[in-house]
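Each chain is listed here by its residues.
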Amino acid sequence: MNDLTINNRINQTLDVIIIGAGFSGLGMAIQLQQANINNIAILERDKEVGGCWRDNQYPGAACDIPSHLYSFSFAPNPNWSRAYSNSHEILEYIKSLVSDFELQRYIRFNTNVSNITFDEKAGFWTIKTDKRKALKARSIVIASGPLANCSFPNIPNLKEYKGHKIHSARWDHNFNFSGKKVALVGTGASAIQIIPKLVKKVKHLTVFQRTPAWVLPRLDAETPQWISSLFRELPSAQKLSRQAIFALHEVGALGLIWNSPLTSAMQRVALKHLQHQVKDDWMQRQLTPNFRIGCKRVLMSNNYYPALQQPNCKLITWPIARMSEKGIRCAEGIEHQFDCIVFATGFDIGTQTAPFSVKGVGGRDLGEDWKRGAQAYKSINVSGYPNLFLTFGPNSGPGHNSALVYVESQLNYAVQGIQRILNEDLAQLDVQAKAQEKYNIKIQKRLSKTNWNSGCKSWYLTEDGFNATMFPGFATQYSIQMRQFKDKDYHRVSAI
Amino acid sequence: MASIDLEKMRQKIKNTQWALVDFDWGSPGAEKITTEQWPKLKTFMADLMWIEHVGARGFAALAKSAPTDNLREIYTYFHAEEQRHANAEMALMKRWGMLDKNEPPVPSANLRLVIEWLERYADDTPFNLLATLIPMLEVALDGALCKYLLETVDDPLCHEIFAKINDDESRHLGVGFTVMEMQGKGPHYIAFIQMLGHLFDPRLIAGALVYFPLLNSMRDNLIAMGMQEEKLYKSIAKFKEIGGRTDQGRRNPWFQVIQYHGTIMVDRSNHFYHVPVDMLVALSNKIPRRLLPSPPTWVAELTHRPIA
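Same order as they appear, the protein sequences are chains A and B.
For the first sequence, counting from 1, position 158 maps to 145 in the numbering used here; every step adds exactly one.
So the mapping is simple: the numbering used here equals the position in the second sequence, first residue as 1, plus 114.
In short, the hints are calculated from the structure, not lab data.
Fair warning: there could be bad hints in the mix.
Quick look at which bits of chain A chain B covers, simulated, 3 or more residues with Cβ under 8 Å [claimed, not checked]:
(1) 269 to 282
(2) 308 to 319
To be clear about the criterion: a stretch of chain B counts as covered by chain A if any three or more of its residues have a C-beta under 8 Å from a C-beta of chain A, and this derived list gives those stretches [stated by the list, open to error]:
(3) 132 to 146
(4) 414 to 421
To give a feel for the contact side, a few chain B residues facing chain A, derived at Cβ under 7 Å [what the hints assert, rightly or not]:
(5) Q197
(6) R198
(7) P410
By construction, the Cβ of each residue, glycine as well, lies at the ideal position given by its N, Cα and C atoms.
From just these sequences and the hints, can you work out the full model?
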């Protein structure tokens, strides 16, 4: 195939359609390209690539994993400016993937998928989008990401508030914060990055906390020039450095995933960090979590606690009763009025629900199938939905390591599956229900022994306490299980 | 009072929230406070406000040690609601011109000691003790005080606000007595031995040494203001009656201890109790102000302003 520009191939049945042009969607395209599978398209709902790093451009946005690990091993970047890069730099890296691997030609921007339906006789998926023409593909990779749709908190009368509202994942860069009374709802990963930046700009910042998180010191530093030069000249040194950082994070699993002496040690470090930075007893109490470290996402910051203690900042831990026209009423009976409210309240987690309508064999619906908790085989395939691959699928989240390590394993596995569909001319490559069930029984059994399931409420769990988000093991374990496509767990139907 | 469904109660609590801005603080009625009434009422309101505020800190401790998520959330709300009551009472004081420089009234030495004790030890106090003690304080002090206030003050806004406060308090008591009964489940002797162990905890002994004089001094203040002592006795009797209505309630050893203490507290003829406790009251009033610990920062959360 000579002309790979997607608009010239749009009427054909494509080999693969990838939904989402974030890290995993672009990574998938690169891997397919390298496996010489080029009849592909990437559908992106936005006008730019970048996924959650395009969306999360709030002040202070940065990654909690060192950049040398939070990047693809097959596309190393020797020029990271810091140990933990900010979102601008990560977005630039993602854009560089597009140019370096010539992915632009595959991407259809401003294309929002509304539903996908599998035609079991013909063996292809029909993809309906907000454009008139439906697309067809033999395989689909859903790479829409777990953090694509921002979520507002369940506060009564949310719409009653007439002031300016901003969600951290849809930052309003045109809003002028100076001289304004601002509220920030939430104290999770985004909030603790925004607060130190925002407190410097606003007249007064009020932070509404529901549950405090464990916060560890952030060992961040600028990358010395000589390191970047060394990595440019000697890529194996960068590879070695990546492996060392990876190994260090793997050790962290022992404290964060399971309850071990390392868990207590990490908790002590977090507590000392709090006591060192916050001297007031009552504030310390307000900021001390009542759950085991690791149960919820562990945060890292050196400037969050100091920011909360600035004279123009106030931490409120009263339950929010409702929103009013001018602000937030709390259960202590006071109406707190603001010019602007920032919601740093996270996302509707994509591992727990279908991102859009997905109809598989016999018209079965993924949303219905996942109603009682999302399940997949090795996080990537779902029985009854042949030729469909998920990245960041159920139970593929890490609590201690780079998510991209998991994604790379998934990409490799998906390529192996897609190669089988194309090379063996299969109408259906579907994971067996029994294999999926067996895998999930094992996963849930292992999850029951983890810190995530130790009693706290977190976005890792559904309302019923079902964990469809995290992988209960080391990243190495996950990579090993994804190394080889397990043919015996699939059934095949040849194309007629 | 029958045991209640705590899940439904949590929802009810969430659905019945009110705020100070719901009231017209400039409405007529403040002039109904008579010149004669004013100084006594000022002291009375200050005591009432501090009791609510101290109670709030007690609920904060309960929220920390609550055995279930549901109870934790309920107590978190109760903590805030007691604070709301204190804020509303402070706003009434402001309306009646009883706040000096718009600041909260200065707490007595007894109160300062209780606040200090709460700050240091409340979070480590056994859940069962606090969960039984707070309903007693709510029935005996809160209940009696609110009733007395409504009988003596004609300001309609005061009645409107206390209707809301009383609704909240009835939910607090509903939960309180249900939790007290829950504590009567399980082997009696284990609960009893655990309680005995805690009774000899130096932190609790210190707590008793600041708590007993506070009760005595408040009782004296109330009587000095013209409140009939019988009202206090009736409230203690009510606690005894409701808390001990069921077998389970009676099997809660902390209930037995606290109701017994309530009985001797209102029995003025019990010199064995009252002489040393009254001495402690006199002694604490002699502590120079500069030697009293500075109040913790949660005290600064008090406000009479409906809007922040």
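Verification of the supplied hints:
1. 269 to 282: holds (count 4)
2. 308 to 319: That given contact holds, which follows from 7 residues of the stretch 308 to 319 of chain A lying within Cβ reach (below 8 Å) of chain B.
3. 132 to 146: holds (count 4)
4. 414 to 421: holds (count 5)
5. Q197: This hint holds: B/Q197 lies near chain A, its Cβ roughly 4 Å from the closest one there, short of 7 Å.
6. R198: Hint on B/R198: holds, closest Cβ of chain A at ~3 Å, below 7 Å.
7. P410: holds (6 Å)
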